[in-house]
Every structure is written in structure tokens, then in C-alpha cells.
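Based on the sequences and whatever the hints tell you, model everything.
Chains as they are written, first to last, in this note's numbering: chain C, 28 to 116; chain F, 28 to 116; chain U, 28 to 116; chain W, 28 to 116; chain S, 28 to 116.
Among these hints, one or two may not hold up.
Stated by the list, open to error - Output of the computed footprint for chain W on chain F, the stretches with three or more beta carbons under 8 angstroms from beta carbons of chain W:
| no. | stretch |
| --- | --- |
| 1 | 32-43 |
| 2 | 46-59 |
| 3 | 84-92 |
| 4 | 104-110 |
What the hints assert, rightly or not - Restraint-style ranges between C-beta atoms, simulated for each label pair:
| no. | chain 1 | residue 1 | chain 2 | residue 2 | range |
| --- | --- | --- | --- | --- | --- |
| 5 | U | R41 | W | D65 | 19 to 25 angstroms |
| 6 | S | T98 | W | N115 | 43 to 49 angstroms |
| 7 | W | E60 | S | T40 | 47 to 53 angstroms |
| 8 | W | D110 | C | I114 | 48 to 54 angstroms |
| 9 | S | G61 | F | L64 | 27 to 33 angstroms |
| 10 | W | D65 | S | G95 | 32 to 38 angstroms |
| 11 | U | T40 | F | T40 | 54 to 60 angstroms |
| 12 | F | T40 | C | T96 | 31 to 37 angstroms |
No lab work stands behind these hints: they were computed from the structure. If you're wondering where the values come from, they're calculated on a predicted model, not measured in any experiment. We put the CB at the ideal spot given by N, CA and C, even for glycine.
Read off the chains here:
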Amino acid sequence: MYIGIVVGSVVATRKNDDLVGKKLLIVQKVNKEGEKLDSIEIAVDSVGAGTGEYVIVTNGESAGYVFGTSTSSIDSAIVAIVDSVEING
Amino acid sequence: MYIGIVVGSVVATRKNDDLVGKKLLIVQKVNKEGEKLDSIEIAVDSVGAGTGEYVIVTNGESAGYVFGTSTSSIDSAIVAIVDSVEING
Amino acid sequence: MYIGIVVGSVVATRKNDDLVGKKLLIVQKVNKEGEKLDSIEIAVDSVGAGTGEYVIVTNGESAGYVFGTSTSSIDSAIVAIVDSVEING
Amino acid sequence: MYIGIVVGSVVATRKNDDLVGKKLLIVQKVNKEGEKLDSIEIAVDSVGAGTGEYVIVTNGESAGYVFGTSTSSIDSAIVAIVDSVEING
Amino acid sequence: MYIGIVVGSVVATRKNDDLVGKKLLIVQKVNKEGEKLDSIEIAVDSVGAGTGEYVIVTNGESAGYVFGTSTSSIDSAIVAIVDSVEING
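Given below as C-alpha cells:
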């Protein structure tokens, strides 16, 4: 899982059924100092995240399980909204 | 899942049965500004995508589930055609 | 699996049920010489690891199995605390 | 899945049973222009590929399914030999 | 799967049960010329590999299957010891 910041969203009409009714958010990875990295990803929201919030994203089949199915075409899901980060190392 | 742009296609006669009858599209990843990155991938179309369209790609077993099977040799599938992207961060 | 060093932790109230009651630690990858690399990850602790300790992290569905379930939304788990490393090559 | 070119092969006597009787080919990834990238991988052939041929490689559990088993230790398989590539973007 | 060279080992007392009794080896990836790359990984040995040997490593759930279980927390396993490599491309 990684930490990223929600920087936008995507609208798509022609899409797989698993994505219908889901919020497709654009998440930009951040480093230890909270600075944005180049890498972005489309993650399906599952916790009510919004733009500007720091979130935790899970990938692979683990993301499908977030939505209660083991045969999901979703491979990236937001699983937490970060309240605070403690760095001491 | 990531956003990319369809930049071409591949023809292959000698191939795994799971790929028979499928459109093998070349997708080039894009960054937050929509600019092409170096990385390309072969993704199986599932939504009628064409060259020049921005698409969302899913990977791993999640891609196999797109085609209704949990034992697919496909590990990369186009699952949406992007209508619009909103970036505010 | 990779070696990293625990450099902090994350607090998140709004999160997936699988993360409730779990320690979300920030792990920074290290190279062969034990030097920190840029890449960080959020890994769920399963062995009582603490800040400053070198740990081994597993990813993907393998991480879900650490917590005894094959449908976990967790894709990254700490599975060992390193006592010593021997390098001779 | 990605496109690569077969640049060699590996011989290994002491190996996992799943690899017995399989051709272990070295595949070097290529970019959109067909130029070789640094990254190489060992992929198990499933379509009769040979050195110098452009191929499509699948990864993860999807690679295991190529050989008809859902518990394979193989995580990388050649699933097609490329006849032609059309790039227009 | 990738080729790497065993460059060391790790000792860990506090660890997941799946790792008990297993050899945790440090594998450094190599490129086509056999030169070491920066990337290292911890892989569980399954073929009696030793320091200085070139090996093939598999990742993900495929690594768990090497040890005969489909719910293993191991996501990286050595599945072959390389006898020889032929490069002609």
C-alpha cells in the first residue's frame, strides 16, 4: 500500500460493469516528506475521499476484495484517509 | 489502474487461446498533464477503444476477470474509455 | 519480499475494516549496504516491529494471508524483524 | 502484458518441477519504436518462440494459467509471437 | 521471473510462521551481461542455492505455490539454479 494525494477525478461512460457507480479518483504518490512524485494512478474510492486528501491505496486482487468480490476487474482502491503521519527516521 | 492513450495495435497469429478473437492494443501511459511517458503495454480491449483514445487499464488477475474467467492468461485489460479528466491539485 | 527500515507510522480513522486495529507502519526500502532508498510503503505490522528496526515486507495477496484471510484488502505486510544480514558478494 | 524480443535462453538442472521440460527464454523489453530497453526477464515459452522473435509476455498468476494450472510457480510466460505492430500515435 | 545472484542471507527470529525453517537469501538482479543492478530482494530458497550462484526468482502468489500452499505469506522464491546462459541478441 502507498500514500498519495487525491489530485482529481475521471469521468468514463463506456466502462466495465465493476466501475459503474464508483468514484474514479486520480491519486498522485507522495514521498516521505509528503512531496508529490511523478507517478499517478486511478484508484476507486471506498472511504469517501476527496480532492486534496492524503489517502492509502491498495493494489492487485486486494483492491477487488475491498468491494466484496473476489472476481473484480478493479486493481486499485483507496482504503483509508490519512489523519496524521509520524516520521522519525 | 492507470490512464494511457491507445497508440497502436499488435497482430499475432501464434498465440494463447485466451487471446484469440481479442483486440491487442498498445497503450502508452500518460502523466497528470496527459503527456506520454516512455512505458507502453499490450492491453486487451473490452470496451471498444480505438487509437488516440484515453483509456483506463487494469492489471494482474483483475484483467482476467474482465473476460469472465478466473484462470485467464490475460494480465492487462482496457476497462474504460475516458470522457474527461478533472485535475485540481 | 524486500528489506526496509521502519521510519514512521500513519493514523487513519476512516478506513477499510481490514485495517481496523492494525498498526500501519511506514517502511523505507534499503539497498545492499543498508542505505535508505527513496521508495516508501505503508505496511501492516504482524510481528511487533517498531521505528528504526530493519524488517522484511511481503506484497500482494501474500500479505493478506499473513492475517489469515484470502480476501483481505491488505497488500503489504511486515513478516519479519531482521536480526542480522550477511553480505558476501 | 508487454512486448519484448527473445535474446537468449537459460539452462538450469536444479529447478522447481513446474519448470521441468519447459523452455526458459530471456526476453528483453522493447519500447514503442521496437528499441531494446535494459530490462530483461526469464519467461517460459508456450507458443514455440525463438531467438530474435518479438513476443508478448504475461506475468503473475496469469502466467501459471497458460500451463493449465492455478498453482504454478511460473510467474512469466510468452503467450504470443508478434506478426506485426501498427503504431499511429 | 528474473535472473539474479545470491549475495548474502538474512537471519530473523521474530517472523511469520511461513518463514520458519526457510533460508532467506538476498538476491541481486543482474542484467543481460550478468552485471549486478541496484535492486535486491529477499527470496526464500527452494533448490539449495548458495552465495555467488546465479538463480531464477519467481514472485507473487506463484512463489507461495513453490512451497505447496496457496495461502503463503511468501511472495518471492528461488526456483532454479542457473547452469548456463546463452545470449545471442
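Hints versus structure:
Interface restraint, the stretch 32-43 of chain F with chain W: holds (12 residues with C-beta to C-beta distance below 8 angstroms; minimum three). Requiring three or more residues with a Cβ within less than 8 angstroms of a Cβ of chain W, the coverage given for the stretch 46-59 of chain F holds, as 4 such residues are present. Look at the stretch 84-92 of chain F against chain W: 4 of its residues bring a Cβ nearer than 8 angstroms to a Cβ of that chain, three or more, so the hint holds. Note: the stretch 104-110 of chain F has 0 residues with beta-carbon separation from chain W under 8 angstroms; the three-residue rule is not met and the coverage is violated.
Separation of R41 of chain U from D65 of chain W is about 41 angstroms and departs from the stated range, judged on CB atoms against 19 to 25 angstroms. Hint check: T98 of chain S to N115 of chain W, Cβ distance near 46 angstroms, so the stated range 43 to 49 angstroms holds. For the hinted restraint 47 to 53 angstroms between E60 of chain W and T40 of chain S, the CB-CB distance of approximately 51 angstroms keeps it satisfied. Between D110 of chain W and I114 of chain C the CB atoms are about 52 angstroms apart, so this pair conforms to the stated range of 48 to 54 angstroms.
Look at G61 of chain S against L64 of chain F: about 29 angstroms separates their beta carbons, and that is inside 27 to 33 angstroms. Range check, D65 of chain W to G95 of chain S: Cβ separation about 35 angstroms, and the 32 to 38 angstroms hint holds. Range check, T40 of chain U to T40 of chain F: about 55 angstroms between beta-carbon atoms, so the 54 to 60 angstroms window is met. One distance hint, 31 to 37 angstroms for the beta-carbon pair T40 of chain F and T96 of chain C, holds here, with the actual separation near 35 angstroms.
Figure legend: structure checked against the earlier numbered hints; hints not met, in rising order: 4, 5.
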